Amino acid sequence: MKKYIPVRFRNFSVLASSRAIWITVILMVLFLVVLVVSVGLGDIKIAPAEVFKSFFGTGSDLHNLVVRTFRLPRILLAAFAGAALAVAGAILQGIIRNPLASPDIIGLTSGASLTTVGFLAIFTTSDNALTVSINWLPLASFLGALLTGILVYRLSEKNGLSQFKIVLIGIGLAAGAEAVTNLIMVMGSIYIASRANIWLVGSVNGANWPEVVILMIWFFILFIMALLLSRRLNILELGDTITVSVGSSTSKDKKILLIISTALTGGAVAFAGGIGFVGLMAPHMARKLVGSAYGALIPVSALLGAMIVMISDLIGRTLFAPIEVPAGVFSAIIGAPYFIYLLYKSRNI
Amino acid sequence: MQGVFRSNLIKGCGLVIFMIIVLICMVASVILGLTHVNAAMVIDAYTHFDGSNQHIIIRQERVPRALIGASVGASLAIAGALMQGLTRNPLASPSILGVNAGASFFIVMAVTFFGMTSLSGFTWLAFLGAAAASAVVYGIGSLGREGLTPVKLTLAGAAIAALFSSLTQGMLSTNEKSLDTVLFWLVGSIQGRDLTLLLAVLPYLVIGWLVSLVISPKINTLMLGENVAKGLGQNTIIVKMVAGLVVVFLSGGSVAIAGPVGFIGIVIPHIARWFVGNDFRWLIPYSAMLGATLLLVADIAARFVVIPSEVPVGVMTAIVGTPFFIYLARKGDFK
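Residue numbers (our numbering), protein chains in the order written: chain A, -17 to 331; chain B, 27 to 361.
Source of the hints: derived by calculation from the structure; they are not laboratory data.
Just to be clear, a hint being listed does not mean it is correct.
[Unchecked claim] Pairs of lysine-lysine residues, derived as DSBU-like cross-links and limited to a Cα-Cα distance of at most 35 angstroms, are as follows: (1) B/Lys357 to A/Lys236; (2) B/Lys357 to A/Lys237; (3) B/Lys256 to B/Lys266; (4) A/Lys234 to B/Lys357; (5) B/Lys244 to B/Lys37; (6) A/Lys327 to B/Lys256; (7) B/Lys266 to B/Lys37; (8) B/Lys244 to B/Lys256; (9) A/Lys327 to B/Lys266; (10) A/Lys327 to A/Lys35; (11) A/Lys(-15) to A/Lys237; (12) A/Lys(-15) to A/Lys27; (13) A/Lys327 to A/Lys234; (14) A/Lys236 to A/Lys(-15); (15) A/Lys327 to B/Lys357; (16) A/Lys237 to A/Lys270; (17) B/Lys357 to B/Lys266.
[Claimed, not checked] Chain B side only, calculated, beta carbon under 7 angstroms to chain A, not exhaustive: (18) Leu41; (19) Ala161; (20) Gly165; (21) Leu169; (22) Ala184; (23) Ala185; (24) Thr200; (25) Val213; (26) Ala344; (27) Val346.
As the structure is a prediction and not an experimental result, all values here were calculated from the model.
Using N, Cα and C, we set each Cβ at its ideal position, and we do this for glycine too.
Sequences and hints are given; from them, build the entire structure.
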C-alpha cells in the first residue's frame, strides 16, 4: 500500500495520506457504533437491530417514538456540539501555536455563555416564554464568542503575540465574563437561573429537531470552510516568519480562521452550553493519531469530539438515572486530568 | 522594589491613616443603604434598644455586614499577598489558583448530598476544600526542572478551578432546590450573613492575621531566593508550610462566610506594594487595610447599582479585578 494516495478532481488535487484515510474510516464506524449503542441505552433498552429499524421508522411505535423524538435529536446535538468545539480547538491551537489553547481556556466559551444567558434573561417574559425566535440564539452566542476572541487577540498582541500571554488573558477574561453571567443569574428569576446553570455546564437535555438542523447546517458550512483553509493552517503553524516568507498573509488568514473558530464555538454553546475541555482533548488525540497536517486533523478531531460528548452524555443520563447529570460534568472529569497531563508533559519546555 | 512611602515614619503614619479609612468605611457601611439611619441611631440601637425597624436592621443586618466585610476583605488580601510571595507569581490569588473553587465544591457537595446546614461543619469543609485545591495546584505547578513558574501555576489553577466548578454546577443542576439556597452564596456576597457565622470563623482568621505578621520577616528572607534563605539558616520548608497553612485558613474561612469573592487577593497586594514596596512586614498590614476598604466600598456600591435589589459584591470585585488582571498579564514578561 502506498503511503499517499493522489485524489484529483478537475482543478482540485490533493495527496491524501492513506493512514489518515484509514483512521477516518475506522473512526466513522466507531462513531456509528457509539451512536447506535447510545440510542439503545436509557430507561427503555432497545437492541441495536431494533434501533436501526426505528431509524427508518419501521420499528414498533413505542421504539419509533423514543428513538426518533427523544433520543436521536439529543444524541445528534451532542455529536455536532462536540465536533464543533473540537474543530474550533484544533484551529485555535494552530493559530495561537499553543498546545494548551482551546475555546474554554481562552474564554470564548465563557463569552458565548454570557451573551446566551443575557439573551435568555432579556427576552424571557414573566411566564417563561421567549419574545423572539429561538433561532436568534446562536447569533447571540456567536457574537459573545467573537467579541471575546477579538478582545483576547487584541489585548495579547502587544510586542508580538505571546503564546502564554494569550492563555493568561483568556483566563482573566473568562473569570470576568463568568462574574457578569452570575450577576444576570442572580438578578433574574430562579427559572432563568436554573436553565442558565444547566447551560453553563453544558447539557443536551431536551433537544429537538429544529435545533439539530440549525446546528448541523451551521457546523457543516464552517467545517467545509475550515477544511478548505487547512493548507493555510499548516503554514501558520510554522510561525509568523515562515508564513510570510512562503507568501501567505498571516494576519488575514489568522483573522478568518479565528472567526471560523469562534463561530463554531458560538454554535455549540448556543445549543449545548459550555461543554468544557472537548476543544482541548479531541485535537490532541487526533494529533496522536494522524499527525499535525490539518487536512486530516480537522475531520479526525471532529469525529473524536463528537464521540467524547456523546459518551459523556450517555454516562450523564444513565449512570445516576433517573437524575440527569449534564454532559459537561463528565467531559470535565475526563478533561481536567488530561489537561494536567499535558501540563506535566510540557513541564520542561 | 521600593514603594512611594520610603521611611518607617511615613509608613507608620500611612498605616494609621488607612486604619482610619477602614473605620470610616465601616461606619458608612452601617449608615448607607435603602433604609436611612444616622450615627445617633446606631449608638441608640446598642444603648437604648427599642425594637424599632431601624434598630433591628442595624443590629441584625448592617453591623454584622460591616464587620464581615472588613474581616473577609482583610483576610483575602493577606492570603493573596502571601500566595504571591510564596509562588513568586504576580498573578497568584485564591480565586485564580482554584482555592475558592475547591472550598465551594466541598460546601456544595455537603449541602447537596448530606443536607448539611451546620455552620461549624461549613467552616471545616471550606478549610478542607481550600487545602486540597491549593495542595494539588501547588504540586502540579512545581513539576519540571524549572520548578514553580507563574505560567504553570496559573494554568494548573485554571484547570483545577474549571474541574471543581464544573462539578459544583453539575451537582446544582440536578437539584434546583439547593441551587436556590446556594446560588447567592456561590457568587460571593456578604449580605444577610449572621454574626454567629463570623464568630465561628473569626478565631481562625485572627490566628491567620497574627501568624502572617509574625512570619513576615521570614517571608522577606525567603523572597531573596530559596538558596539564600537556606544559607542564612532558615528552615524554608517550615516557613513555606506555615505560610501555606495561613493561606488555607484565611481563604477557606473567607469562603465559608462570604462565598468565593474574587480578585481582592490579586488586586490589593499590588496596590499595597505600590505604597510600601516588597517588605512583607509592611505589606501584610497594608494589604489587610486596603483589602478591607475595597470590600467595604464594593459592598456599599453594590447596594446602589440596582436599587432596591442588590448586586452580589463578588460581581463588583470581579468587574474591578478583571481589567487589572489583564493589565498585569500584559505587562508581565512571560516566555
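These are the hints, each one checked on the structure:
Distance hint between B/Lys357 and A/Lys236 is fulfilled; the C-alpha atoms sit about 24 angstroms from each other, no more than 35 angstroms. The hinted pair formed by B/Lys357 and A/Lys237 meets the criterion: a straight-line CA distance of about 24 angstroms does not exceed 35 angstroms. Using a Cα cut-off of 35 angstroms, the hinted pair B/Lys256 and B/Lys266 holds, with the two alpha carbons roughly 12 angstroms apart. Taking the CA atoms of A/Lys234 and B/Lys357, the gap is about 26 angstroms. The hint holds against a cut of 35 angstroms.
Simply put, B/Lys244 and B/Lys37 have alpha-carbon atoms about 20 angstroms apart, close enough for the 35 angstroms limit, and the pair holds. Restraint check: the Cα-Cα separation between A/Lys327 and B/Lys256 comes to about 30 angstroms, which is no more than 35 angstroms; the hinted pair holds. For the suggested pair B/Lys266 and B/Lys37, the alpha carbons sit about 27 angstroms apart, so the restraint of at most 35 angstroms is met. A threshold of 35 angstroms between alpha carbons decides the hint, and for B/Lys244 with B/Lys256 the separation of about 11 angstroms falls inside it, so the pair holds.
The hinted pair formed by A/Lys327 and B/Lys266 meets the criterion: a straight-line CA distance of about 26 angstroms does not exceed 35 angstroms. Proposed proximity of A/Lys327 and A/Lys35 is contradicted: the alpha carbons are some 47 angstroms apart, above 35 angstroms. At most 35 angstroms may separate the alpha-carbon atoms for a hinted pair to count; A/Lys(-15) and A/Lys237 meet this at roughly 34 angstroms. This hinted pair does not check out: A/Lys(-15) and A/Lys27 have alpha carbons roughly 43 angstroms apart, beyond 35 angstroms.
For a cut-off of 35 angstroms, the pair hint linking A/Lys327 to A/Lys234 stands: about 33 angstroms separates their Cα positions. At roughly 31 angstroms between alpha-carbon atoms, A/Lys236 and A/Lys(-15) fall within 35 angstroms of each other, so this suggested pair holds. Simply put, A/Lys327 and B/Lys357 have alpha-carbon atoms about 27 angstroms apart, close enough for the 35 angstroms limit, and the pair holds. Using a Cα cut-off of 35 angstroms, the hinted pair A/Lys237 and A/Lys270 holds, with the two alpha carbons roughly 27 angstroms apart.
A distance of roughly 28 angstroms separates the Cα atoms of B/Lys357 and B/Lys266; the hinted pair therefore holds under the 35 angstroms criterion. The beta carbon of B/Leu41 is not positioned within 7 angstroms of any beta carbon in chain A (closest approach about 30 angstroms), and the interface hint is therefore violated. For the restraint placing B/Ala161 at the interface with chain A, the shortest Cβ-Cβ distance is roughly 14 angstroms, beyond the 7 angstroms limit, so the hint is violated. Restraint check, B/Gly165 versus chain A: the minimum CB separation of about 10 angstroms is more than 7 angstroms; hint violated.
Annotation: interface hint on B/Leu169 holds; nearest CB of chain A at approximately 4 angstroms, less than 7 angstroms. Annotation: B/Ala184 was flagged as interfacial toward chain A, and the flag holds, the nearest CB pair being 5 angstroms apart, inside 7 angstroms. The beta carbon of B/Ala185 is positioned within 7 angstroms of a beta carbon in chain A (closest approach about 4 angstroms), and the interface hint is therefore held. Here the hint on B/Thr200 is kept, as its CB sits about 5 angstroms from the closest CB of chain A, short of 7 angstroms.
Evaluation of the B/Val213 hint against chain A yields a held restraint, the C-beta minimum of about 4 angstroms falling below 7 angstroms. Because the closest C-beta pair between B/Ala344 and chain A is about 3 angstroms apart, less than 7 angstroms, the hint holds. A hinted interface residue such as B/Val346 counts as satisfied when its beta carbon comes closer than 7 angstroms to some beta carbon of chain A; here the least separation is about 10 angstroms, so the hint is violated.
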